[in-house]
Each structure stands twice: as structure tokens, then as C-alpha cells.
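Novice: Now for the letters of each chain:
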Amino acid sequence: MHENLNEPLLRSARKAVAPCDRCGSCLTVCPLFGARDVEASSARGKNAITRALADGVIEPGPDVLKAVNFCLLCRACVDNCPSKVQTDEAMVDVRQYLWEKTGGMNAKYRAVGGFLKNNALVKLAAQSLALCRKFGLNRVFPYGMAPDEYTRAHFLAAFAGPAALGQPAPRTDIDVRASSRVAYFHGCGMRMMFPEAASETLEILRGTTRPVLKDNLCCGLPHLAHGLRGDFLALARKNIALYDDADIVVSDCASCGGTLKHMAAWFADDPLWRDRATAFSRKVMDLTEYLVKVGYRPRLKVDALLTYHDPCHLVRGQGIRSEPRDLLRATGRFVEMRDPDTCCGGAGSFHMDYPAVAAKILGKKRRNIEESGAKVVVTGCPGCLIQLNKAAKAGKGRFKAMHISQVI
Amino acid sequence: MMTRRLTLFAPEPYLPEEMGMITDKIKHQIRSIVGPENALDSDLDRFGYSYDSSYVPLRPENKPDLVVRPLTAREVSSVMALASEHEIPVTPRGAASGRTGGSIPLRGGISLCLDRMTRIVELDEGNMMVTAEAGVRTIDLYNHCAAKGLFFPPDPASWKFSTIGGNVAENAGGMRAVKYGVTSNYVMGLEVVLADGTILKTGGKALKNVTGYDLKSLFTGSEGTLGIITQALLRLIPMPKKRGTLQVMFGSLEEGCTTVHRMLQAAIVPAAAEIMDRFSLEAVAKYRGTSLDPTAQACLIMEIDGESDEALASQARQIQAVAEGCGALAFRVAQSQQESDELWAARRGLSSAVASLAPTRLGEDISVPRDAFPEVVRRIRVISEKYGLPIAVYGHAGDGNIHPSILCDLGNPEQEKRVHGAVDEIFAAALAVGGTLSGEHGIGITKQPYITQALGDAGIKTLIAVKKALDPKGILNPGKIW
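Order-wise, the sequence lines are chains X and Y.
The first sequence begins at 1 in my numbering and counts up by one.
The second sequence begins at 409 in my numbering and counts up by one.
Bound-form chain X, shown alone (with noise of 0.2 Å):
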């Protein structure tokens, strides 16, 4: 047995899961341990094998990278410990530590990676989908990846009824502060996938503030949660820079909002970058906090029964939680499914690399959607809603699945 504490990620992961005592409570709760549930699934097991490869228990190698990117990272875990062990955070940094140390077993998410550092490429991709749709050829990809879009004028013209339709909407009385420069944070899964939904942000917003639109970067968590942190850090400076002019940034991507809420913490260390980074991530809104803040009403109160699901980068991620509900109260009659804030399955690439295991948590979420009776379900990020679209086609339009800016 050595010891590999000399490794700098190790060491830090091995640190991350001291406080585990090993209980078991996490394995009530972690969705993967629901969908396979032998050990090495549970946040204990991968817990345990941190410490373990740290303790040089256990040799690095493919099944050991395989156990740690079997995580969704949707801290479920996290929030159930007695001991709050931040197994997510853990893994990011065993990831990257065997990716370094293993270098190409993780070809896949270099490429993809390498595909989401590229603006330009983004665009073209958001551009190809919009033409795709047009010509219904979405429906050949794989993974759901180029999915349906349900537009706000398909639910309005579902749902708001003549009654709706004879109020008009109420304007938004907010008194909006000359000096708030808000800015909009145009994550790379609304811009390729979801471009309706983020045009409906950005006419939200106009009902606001005067928002000012950047060219910006990915935020890096797909770089992040599979050991190109060199590349999370040169995207996250390249943001930061970006929105130094910005008093708020509004991000409707879950995932987005949360790794730029988080990004002071990745420059803890460096003396150049870790005020601003700080002063950055404090900037960050998510849309609906946002908008609970500055008094936002509905554009329109509507006829439908809605429920909501929480993504985990937005409900343990930044803990917002009641925010989109209110807005949703106010928007329709809202009903709460069972376990809202479980994980769908989606967790960035994790449903394309574990297709029948995100299918089976899908599953769940499925039946906890149809039981609630809701006929749309609204959500805040659009790895969920990719997911949440192959659920309402599965439930063969029992239910719609929409993000929250197409609703309220």
C-alpha cells in the first residue's frame, strides 16, 4: 500500500470525503443507487473509493474513472448527509486527477469540450438545429439531443383561453433602476437546443430592464465535471472579463447560473483573478430570482394545471427552490409532483453515456409528472428539459414539457 497524497487533486478529494463515516443515508436518496443499486453507484461507495485511491487501497485505472463518472454530480447526496460530504465536488477533482494521470481515456469529453470552447461552433450548431427543425430531421438524432421545441405559442394557444385572452397582459409595475446594467448569460444548451425559450428570457426581460447582451463563452461545466479544468479556467476568465461592465447577470440555465455563482471558489488560489471572479459570481442571478426580485407579474394568467421540476444545479445547486413556484402560482394553477427535485437522468452527458439508466430515473420522473396530473412541466435549465421532452413524448402528450420563460 502507498500512499498518493502527494497528488494535489487527491489530496483535496480525500479531504472532501473525510467527514463520510460511511452510514448509509445517501443511499436513500442518490438516484443512480435507485437505478443500479450496488455500491459502488451510492455516493458511499465512490466516497470510499476516494479515500482508498488516495490511501493507495486502490490502484488508479478505466473501471475506477468508469465508477466516478457514473455520478450526476446532482448533490442529493450532499443535501441528505448528516455531515454535508460534498461528493460531488470530490469527484470533479478525482475526475481531472485521472484524466491527467490517464490522459486519453477521457477522448470523448475532450472533444466535446474542445466543440463547446468554440463560439463559433456553438452558433453553427444552434443554427443547424433551427434548420433541422424546420425540416423535421431533429427527430433522427440520438439522445434526444436535437429535440422538439413546445413554443409559447403552442401553449398559449392550449391554454390560454378566451378568457385569458380578453384581460390583457398586466405590465410589470417593477421600478427598475437606471443604474442595474443587467446582463443575460446565453448558455450553450438554450442557444443550440432552446432558442425560443431564450428569446422568451430575453422579452422577459425587456419587460424589466433594458438587458445588455454579450457574446459570451461557455460556462465551462461540461469541462469542469470531466477533467479539462484548464480549459474551465481560460472560459471562466474569458466571462469574467466580459461581464466586468455588468451589474447583474441573469442566467436561465440552471446549470449555467450555478457554475458561474460557484466560479470564485476555482480561484481561491490565484492572486490575479480571485476578487474578480468573486465580484463576479455575486452578479449572478438565476431568471426567476431575478425576477421574485423586482416584483415581476405574469404576461399572462392562463388556464393550466402546472407543475415543476427542479434542477439540481438550481435547488441545491443555488437553492432556489419557492421562487419558481410563485412565479408559476401566479402564472396558472400550480400542483406539486412527488419528489420535485430529483435528479431526471439528464446531468449534462451523463444520459448519452448511461442511456438506460438515465432512462430508468426518467422513468420515475415520468410517472411523478403524470400522477400530479399536471399538463405542463416547467423547468429552469435545458439538459432537464431535454430530458423532460423525451418524458412528454414517452407519455405520448399526457404532458408538455416547457422552461419557465415560455410560461410566465
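Note that these hints are calculated values from the structure, not bench results.
No residue lacks a Cβ here, since even glycine has one placed at the ideal position from N, Cα and C.
Keep in mind that a hint or two might mislead.
Listed below are the simulated DSS-like cross-link pairs for lysine-lysine, each with C-alpha atoms no more than 30 Å apart in a straight line [unchecked claim]: (1) Y:Lys-650 to X:Lys-364; (2) X:Lys-15 to Y:Lys-694; (3) X:Lys-66 to Y:Lys-433; (4) Y:Lys-435 to X:Lys-66; (5) Y:Lys-435 to X:Lys-360; (6) Y:Lys-616 to Y:Lys-587.
Have a look at the derived ranges for each label pair, beta carbon to beta carbon [claimed, not checked]: (7) X:Gly-363 to Y:Glu-445: 16 to 24 Å; (8) X:Asp-270 to Y:His-552: 48 to 56 Å; (9) X:Arg-321 to Y:Glu-426: 53 to 61 Å; (10) Y:Leu-700 to X:Asp-270: 37 to 45 Å.
Starting from the known structure of chain X, arrange chain Y on it as the hints suggest.
Specialist: Leaving out everything else, chain Y in the frame of chain X:
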């Protein structure tokens, strides 16, 4: 007095001489019994079944050769028949939430994981009994019965994830033991697969039963060394209609303990009576960012239950009178469910609050006669001073079960030595006041060095005689208890 080194850090347990290996042929046979996906042998999967919730360090040599996850008692029986024929060690396991290393395989072989056996077979409302398979989670059983107004009281701290099989095998306790007893008080019958694969059904629904030896009691608390418990028939009681929470602060731990004794002598039995010392209170205050009365040295949190709000109010008044007679500083009755939850959150979050103060929290589990509680706590204070290690003391004041938590850094070799000394002396203190090594966690691996002192030679010989009669080849959970 304690000469053997703590097995917690370097196990040197009793083990049979030679044991059989799992050949590819045997693996194939096992796969055909439980299905290929339920017999795991990848290195990482074997590692996943090599630890539990004790502080036994992760070690490659604790990996089983094969993880087997049967679905039925019949499958367990077939696996045991094979294991017996080839003398392969079998270590049963539920959720691995045990605190003493009981489910850690020490000799390779099979980790027999019963977590797929999750059927609640029958809820007999007339006789107020429930039959459940070993892998049913305690909380699921509780909720299933509660939906029919029936109450399964044993509530080990791990009840949200631990399994009934594990609870029975360890004879788990919990906070409600003071009024309602522990798991064994509810076991009416068991289905056990014996070492050779025979399926034994013992006990039954008859409340009075003296036909033959009381085998169900023998298997309860046997830590997987005598047989594989696959199903349990458990007694239930009607669910109390109302529950309330009280919090009493004292200027000394003795006053808190005396309050509990006087209550019990006056037939005022709380459903739970948890005591925390000053150190624990400070840890909670720090963890939760709350303030603490500087004169408070101990806190008693109690659950009371009864038929009606009036009954609860009357109990609360009686308890208040007793507590004030013992010098209580403050007495609080939770006025709402939320307040009650807050009071209990302090107790439930205690382990974590204490654990956050040091790299390692070594939680022990000693049990003493109720009236020796203050005395053993005094001794623990002396031990804490002597070894220069902070020790938080809390536990179930109502039944004398104490959890001293040593705060330390086991990564520091110098401290590790002091920790050994302190643990040795804590066990010695428990035995000296007429207590025992474990109230509810079992012996497993971590308490082995002390068992002879606790039970005496005759005691150990009797255990071994029973073990040999039921498991002549020594394949069941080898290396545990003594």
C-alpha cells in the same frame, strides 16, 4: 489490564485455519442460482462490499471474492449448501450501516448481500404482527405498519437506511428503548438459513410459546455467525395517538440522570430520554450557530406519548415537577411539531456536530446499569483528562446506553496511541460499574479484544459451543465476536 492491541486498528481475530476458495465452477453455479447480474466479482465491486460504517480502515484484504445478492430464501439456501460443501466463508450483509465491522468479510469468500429481499410478506392486523424479508428497510416497515395505525418501535439512528435483517442480527436498539425495548422484544419468529443450507422456521404467532429452545432469541443478535436471517415475524403495538417533546436544562449531568430515575420510579415513562453533556451542547451550539446558557451543564430531551393532548399535558406537568425537584434550570415544552422537530434536530445532528470538531470522531457504545450513568461519565471525564483527548458524552439516559465520542486524529500516530489507551479504559470503566461493551452496536471486529473480560472464560466457551453446533465448518461470518 488491557494488553491486546485494539482490533479497530489492526485486527487479529479468531479465524478458522483453512477455508475453501471460490473456483470458476462454483462461481458459475452461484450465477445460475441468483442470476449472473447478482453475482459480482469485478475488483471495484468487491471493494464496495469490503467496508461498513465502523472505523475499520479500508483494506484490500477485506474484499470478498464474490458479492452474491439473492432474492429468496431458497436462493440463499442453495448458495449456503454450495458454500458449506466447499467450505467457503460467507459474510451476510444488509445496508452495511453497522458500527463494529460485523459485515466486513475477513476471509474473502462470499459477501451475501440481502438487500434485494425487500418484500413485506404480510401485515396481520388482527394479531398485530408483520412478516418482512431481511432486506426491508426499517423505515419502510415502520411506515407500512403506521399506515394501519400499528407501531414498530425500535428506532436505531440508522433506521432510514438500515434493514430489518441487520437490525435483528445486531439486536438494534434506539432512542425509544427506555419505554418500548429493543428489536429482540419484538421478534416473534424467524426464518433462518443454516450453515448447510437448511431452511429453519422458528417461533410463530402464538404469544406464549415454550415449545423447545427459544431459537429466535438465539439468532437475534448473533451477528450473522449462526445463520442467515432471511425473514422476521415481528410484533407490533397500537400507534400512540399523540406525541410531545420536552427539553430540560440542568446545572449538572447528575441532576439530569436523577430526574430520569425519579420519573421511572414514579412510573412516568418517557418514550425517549436523551441526555447530552456540556461538551455536546457546545458542539451543537457551534455547529448550528446558536447560543447556550453558560450555566447549563447538561440537557435532557424527552419524547412523551399518550392517548390525548390532556394526557401529554399531565405527563409534562409531572415531569416538570420531578425535574424542578432535581434542580432543573429551564423546562420547555414544544408547542408545535416544528418546535419539536427543532429540539430533536439538536440531538439528531449531534454526531455530525461533534464530528465537525476533529478529523476523526470515534463513537463508542457502552451500556451500564441505569444508576451507574453519572459514575461512568465521571470516569470518562477522568480518562479524557488523562489522555488529553476531548470526549463528548451523550446517550440514552433512560436505559443507561452511552455513546462517548472521542475526538482525535487517527492519522497522527502519537494520538492513535493515546486513543487506544482511552478506549481501553472506557471499556474497563463500563465493566467496572457492572455494565457491558455494547448496548446496541454489537461486538463485530472492533470490540473483540474486550469480550473475554466482559463474558469470562465460561461465557466465551459457551458461545463457541453454540457456534460449533450450528456452524461446524466455521463458514458463517468468520472472525467475528470473539
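Novice: Would you mind marking each hint as holding or not holding in the structure?
Specialist: How the hints compare with the structure:
For the suggested pair Y:Lys-650 and X:Lys-364, the alpha carbons sit about 35 Å apart, so the restraint of at most 30 Å is broken. Distance check on the hinted pair: X:Lys-15 and Y:Lys-694 sit about 21 Å apart at the alpha-carbon level, within 30 Å; holds. Straight-line distance between C-alpha atoms of X:Lys-66 and Y:Lys-433 comes to about 28 Å, which keeps the hinted pair within the 30 Å bound. A threshold of 30 Å between alpha carbons decides the hint, and for Y:Lys-435 with X:Lys-66 the separation of about 24 Å falls inside it, so the pair holds.
Straight-line distance between C-alpha atoms of Y:Lys-435 and X:Lys-360 comes to about 29 Å, which keeps the hinted pair within the 30 Å bound. With a C-alpha separation of about 22 Å, the suggested pair Y:Lys-616 and Y:Lys-587 falls inside the 30 Å cut-off, and the hint holds. Taken as a hint, the range 16 to 24 Å holds for the pair X:Gly-363 and Y:Glu-445, whose Cβ atoms sit roughly 19 Å apart. At roughly 54 Å, the beta-carbon separation of X:Asp-270 and Y:His-552 lies within the given 48 to 56 Å, and the hint holds.
For the hinted restraint 53 to 61 Å between X:Arg-321 and Y:Glu-426, the CB-CB distance of approximately 59 Å keeps it satisfied. Checked against the hint of 37 to 45 Å, the pair Y:Leu-700 and X:Asp-270 passes, with Cβ atoms roughly 39 Å apart.
Violated hint for the displayed structure: number 1, the only one.
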